[in-house]
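Visitor: Chains Y, A, E and D, in that order, give the protein sequences. Just so you know, my numbering puts 355 at position 271 of the first sequence, and the rest follows in order with no gaps. Just so you know, my numbering puts 234 at position 150 of the second sequence, and the rest follows in order with no gaps. Just so you know, my numbering puts 108 at position 24 of the third sequence, and the rest follows in order with no gaps. Just so you know, my numbering puts 287 at position 203 of the fourth sequence, and the rest follows in order with no gaps.
One should not assume that every hint holds.
Same chains, same names: a pair is fine if it fits in one copy or spans any two.
[Stated by the list, open to error] Only pairs whose alpha carbons sit at most 20 Å apart, straight line, appear in this in silico PhoX-like list of lysine-lysine:
#	residue 1	residue 2
1	LYS323	LYS179
2	LYS302	LYS136
3	LYS126	LYS302
4	LYS283	LYS302
5	LYS314	LYS91
6	LYS323	LYS172
7	LYS126	LYS296
8	LYS335	LYS293
9	LYS296	LYS179
10	LYS91	LYS175
11	LYS323	LYS136
12	LYS384	LYS326
13	LYS296	LYS328
14	LYS335	LYS302
Think of the hints as simulated: they come from the structure by calculation, not from any bench.
4 protein chains.
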Amino acid sequence: MVKAIKKIGVLTSGGDAPGMNACIRAVVRTGIYLGKEVVGIKQGYQGMVDRKFVNMDSHSVCNIIQLGGTILKTARCDEFRTYEGRQKAYKNLKKEGIDALVAIGGDGTFTGAELLSREFDIPVICVPGTIDNDLYGSDFTLGYDTANNTVIEAIDKIRDTAASHDRLFFIEVMGRDSGCIALWAGTAGGAEAILLPEKDTGIEDLIQKLEKGADSNKSSSIVIIAEGDKNGGAYHVAKLVKEKFQFYDIKVTILGHLQRGGSPTSFDRVLASRLGYAAVKALEAGETRKMVGIRGNRVKLTDLVESINNNSFKLEEDLMEMSTILTI
Amino acid sequence: MVKAIKKIGVLTSGGDAPGMNACIRAVVRTGIYLGKEVVGIKQGYQGMVDRKFVNMDSHSVCNIIQLGGTILKTARCDEFRTYEGRQKAYKNLKKEGIDALVAIGGDGTFTGAELLSREFDIPVICVPGTIDNDLYGSDFTLGYDTANNTVIEAIDKIRDTAASHDRLFFIEVMGRDSGCIALWAGTAGGAEAILLPEKDTGIEDLIQKLEKGADSNKSSSIVIIAEGDKNGGAYHVAKLVKEKFQFYDIKVTILGHLQRGGSPTSFDRVLASRLGYAAVKALEAGETRKMVGIRGNRVKLTDLVESINNNSFKLEEDLMEMSTILTI
Amino acid sequence: MVKAIKKIGVLTSGGDAPGMNACIRAVVRTGIYLGKEVVGIKQGYQGMVDRKFVNMDSHSVCNIIQLGGTILKTARCDEFRTYEGRQKAYKNLKKEGIDALVAIGGDGTFTGAELLSREFDIPVICVPGTIDNDLYGSDFTLGYDTANNTVIEAIDKIRDTAASHDRLFFIEVMGRDSGCIALWAGTAGGAEAILLPEKDTGIEDLIQKLEKGADSNKSSSIVIIAEGDKNGGAYHVAKLVKEKFQFYDIKVTILGHLQRGGSPTSFDRVLASRLGYAAVKALEAGETRKMVGIRGNRVKLTDLVESINNNSFKLEEDLMEMSTILTI
Amino acid sequence: MVKAIKKIGVLTSGGDAPGMNACIRAVVRTGIYLGKEVVGIKQGYQGMVDRKFVNMDSHSVCNIIQLGGTILKTARCDEFRTYEGRQKAYKNLKKEGIDALVAIGGDGTFTGAELLSREFDIPVICVPGTIDNDLYGSDFTLGYDTANNTVIEAIDKIRDTAASHDRLFFIEVMGRDSGCIALWAGTAGGAEAILLPEKDTGIEDLIQKLEKGADSNKSSSIVIIAEGDKNGGAYHVAKLVKEKFQFYDIKVTILGHLQRGGSPTSFDRVLASRLGYAAVKALEAGETRKMVGIRGNRVKLTDLVESINNNSFKLEEDLMEMSTILTI
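In isolation and in its complexed conformation, chain Y is listed as follows (with noise of 0.2 Å):
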């Protein structure tokens, strides 16, 4: 028989993301609704190590639905990747009476999360938070429409001045292993190449496509890169295509941090709402071990472990095909 949970911890591990606050705003709510009480620990599980807690109600997660970041904090923590740090974390859950956990973040979060739950037999439900959306058992990940929604932004504004100079623009945004921001963004922004780390464009094909292009006469051309492209990023690319294609004006932008951050969108605020409330229907309900996701609109559970080890190749393929297609 489950036994009855009383108080739930929430925290947010790894890279912030846009939608956390909303996420554990939907937590700390649903919880209280259902009649338990809802302890925030702060810089993720260093926080459950070094015993930062903090009682939440209804008003501490008033106002917070659209901020960006999170108002727990997140950090790295060497020592919980230890058996003892996690004994230490969850002596101190013990200790202040919590019986279930809510961890949001990506890979090493539910890693970390699914170890100490199977170790030493307390309920942890995960929410993919991450920007970059490559998480197994979810279309999409909290931050990662923000993040693409910031770069096409970003690509929009780049077009203005490359086709006022006739430029050519290399605009590197995050994903190491990850191409979904890039086909994503690149997608939604136009972009006349896209460079994913899951597809290798020499760059004997990408001056190919770039020569292509100024033959049709199009006088400005953006390239998008994932910083995890296996050509070695936006400056190299850039370097290599100077020596062969040298009649263009060639400008290098790292989007970096600002992906991360700003308000989220509507779509992140209601995914996020929706996963954090389902996360604490599902400990209700006696699941553990499990990662909440959104899959064609519908909220589904998926086993920490199939999430943990499913590295399938997830970008869409029409997606893939079409990019190359509506740039011509």
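Based on these hints, arrange chains A, E and D on the given structure of chain Y.
Guide: Quick look at chains A, E and D alone, frame taken from chain Y:
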């Protein structure tokens, strides 16, 4: 045997929606890529009746992916509602050599397209383009995400002033028969109450809710009201509430047509590109009288008749329940 | 000899305006830098009467420069309009040890501050904070630039849909006595006509202008109407125009309170910082009953009485003439 | 006696800036209103040399007031730096019947215009168009306000993630010789420190400041660095700081060309309209070799030579001092 298509006509009809231009671009470029000619039909069915055709090449749709509205314009057309009108339109299409159609719009657009296709045996694929998200067969319609973001930006701004003055705000959003915008944007905006056409919320219930908020020290509240709400619109609701709830300073804002415009979001641009691309591919594959929609992040075809006849309740049930809980 | 100031009270009063928080931050931090204590007075003069004081340190104003609204809140206060009310307020200030004031707000705020200062000999400096830009002695008031940008974003969005449908739009903006927002935002939005309280534009003139536009093939038009326009507001103007000008589809939008909110623009944040800083420096220099304003990108002091009594026409004349010419 | 002007040429030159299109629109429509013809010269002086002229009517500038970049494009032109180049350009102007010029751009644009006008006796008025705000004779240049707003949006986003991770961020903004953007946007963004080309801030001073912030419990800091700062750019400063200040996680963002683009703000659109309008009125009044600028919210003329030769320190001194105090 299916006759090969040589020339595709593309039109936008009904209310304009952000993403329509991105969709036109996708139709034109996919058509050209597949070796077809593409003709733009101006002002929807009216342009079909009046022969307002314009040849489109790859450059015609350059730099439009980010624009709101529709470069092909849109209009109502009473003539097209008659058999004679459609016959005249069909003759014009034939004279022009147009042997297939992509029609972007809502309910009324679909009905017109379905009739024309059936009566004159011309293949047609429809794309759901309306900010209302009220079409069966697609999780999302073009423009819905952009409209939601426009609404939450307005809510965020109004909350600044509501909180500074301890005020109660009623914000009316679009949606004569559909509460989709009200529900999503209200949820994303953290609205204290949401009134929808699909659900009967009496004034008494609303007042109870607002009183509860006042008791728990909420100093300001925002109520979202879909224009089709049974209580009769924001001004009327405000009047009724004022009578019973006098200690509050109550203000009304009608967002109106600014919800239709604006540069489409990343989500809408990608959706528009995918659906425009898929529409042409569907025609090429011999499909007709279908709507291309998105379901679970995959493109799916639905019979036009099925889409038109299906007025089933579309609001996500978990959202309905959740939106009440999260504003405690 | 001027007595050294030890404790400064800061308040916001009247309608809230973006930039008020940036100004509070500047007052607090400049005060602390100069070795004073700073006390926030909540809800304007009401909080002075009701002793709602809160001690402010450097951290109290951390991360508020970008927030719309006012963290000190604002309210109307009828009691303060009486001598007895002001006496009570002054006694509270004295009890608290507050020996100087910075008051941020509009016309009414200035009048209250001037009276209190004169009657009870407490030094006071005012900062012009109102989106209406209707105060003598400063080229710009806090929030005006932000409000203008909010309005042009709305106009840009509405133009998308106006152009797609060949429609005529009437947009009502704030300004009961002042046409500043209407003139600047109308000019910046490329409005086809602008109706202001300061200038009598008859309906006949407006119709003539719209007809001229229609003749020269303008397919859509946008008319900006200040709420204080003599013709009686956007709904009324639309009704009158409809009677004589039937071939157009006419729509009305009332922007309302969303013009008050939003994160302040760069211009408003810098202005707010400069004026808050200058207000404290002016108190330190022994000034009283002055408004700090910006004239020609330099901070200038103006006597409060002069500012209050001067209702001179503030609209830039070149703008008035120009706005007519640029929409030909 | 001044010869009446019949045909005005308008061009944009140097780096593009938001507001250039609004200015072109004002020049064209004011010219037409005064009975002149107006010709657009493409790609700045290069188009003058290569005869890239395009006739402009009222419709040519329809719906461009809100667009970033420049529809006339801009380019560098080495040929125009020689007498022979300018002679060729002048002959082309004469052949086309262009008897007066409006040139929109920066320092280099002014120098070219001044030479051409003096050597060949053709009247010319310049408009200050550059995001750098580094021209003498105008409080503000076209595009500066928009660039500042682009930068503070980036700062606001980066602060979300800085605060969530307790990080130190270095953000490099445009300004090779001018710290205007760094100072205004840094002030508006609440940056903890600002490094400018005009002021020598040693690394030691910076570190001291950051240490003081750390002592007073600031958990995150943002430092704005103009690209022309004497310490050698953001990457280099970050490297030097890292060596002495190891407990912080330090990140660098280079905003780059996205600062040049984007829809102009209300301020820039109004400024651009006023200056374009005033430029044509000045030509009509017989003026030449002048820059039209804004001083104290009034249009003022300045001799081009005076503007070119005057490199005086333009930064507002109160801002310099204040920006240090407000981040305590």
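Visitor: So, for every hint listed, does it hold in this structure?
Guide: Hints versus structure:
1. LYS323 - LYS179: Result: close neither inside a copy nor across copies, 57 Å intra and 43 Å inter.
2. LYS302 - LYS136: between (56 Å within a copy, 18 Å between copies)
3. LYS126 - LYS302: For LYS126 and LYS302, the Cα distance is within 20 Å only across copies (16 Å; inside one copy 51 Å).
4. LYS283 - LYS302: Cα proximity of LYS283 and LYS302: none, with 25 Å in one copy and 43 Å across.
5. LYS314 - LYS91: Neither: 46 Å inside a copy, 41 Å across copies.
6. LYS323 - LYS172: Result: close neither inside a copy nor across copies, 50 Å intra and 36 Å inter.
7. LYS126 - LYS296: Result: close neither inside a copy nor across copies, 53 Å intra and 24 Å inter.
8. LYS335 - LYS293: Classified as within: same-chain Cα gap 18 Å, cross-chain 34 Å, threshold 20 Å.
9. LYS296 - LYS179: So LYS296 and LYS179 fail the 20 Å test inside a copy (67 Å) and across (35 Å) alike.
10. LYS91 - LYS175: Classified as within; 15 Å inside a copy, 49 Å across copies.
11. LYS323 - LYS136: neither (48 Å within a copy, 32 Å between copies)
12. LYS384 - LYS326: Neither, since 48 Å and 43 Å both go past 20 Å.
13. LYS296 - LYS328: within (14 Å within a copy, 50 Å between copies)
14. LYS335 - LYS302: within (17 Å within a copy, 36 Å between copies)
Hints 1, 4, 5, 6, 7, 9, 11, 12 from the earlier list are contradicted by this structure; the remaining hints agree with it.
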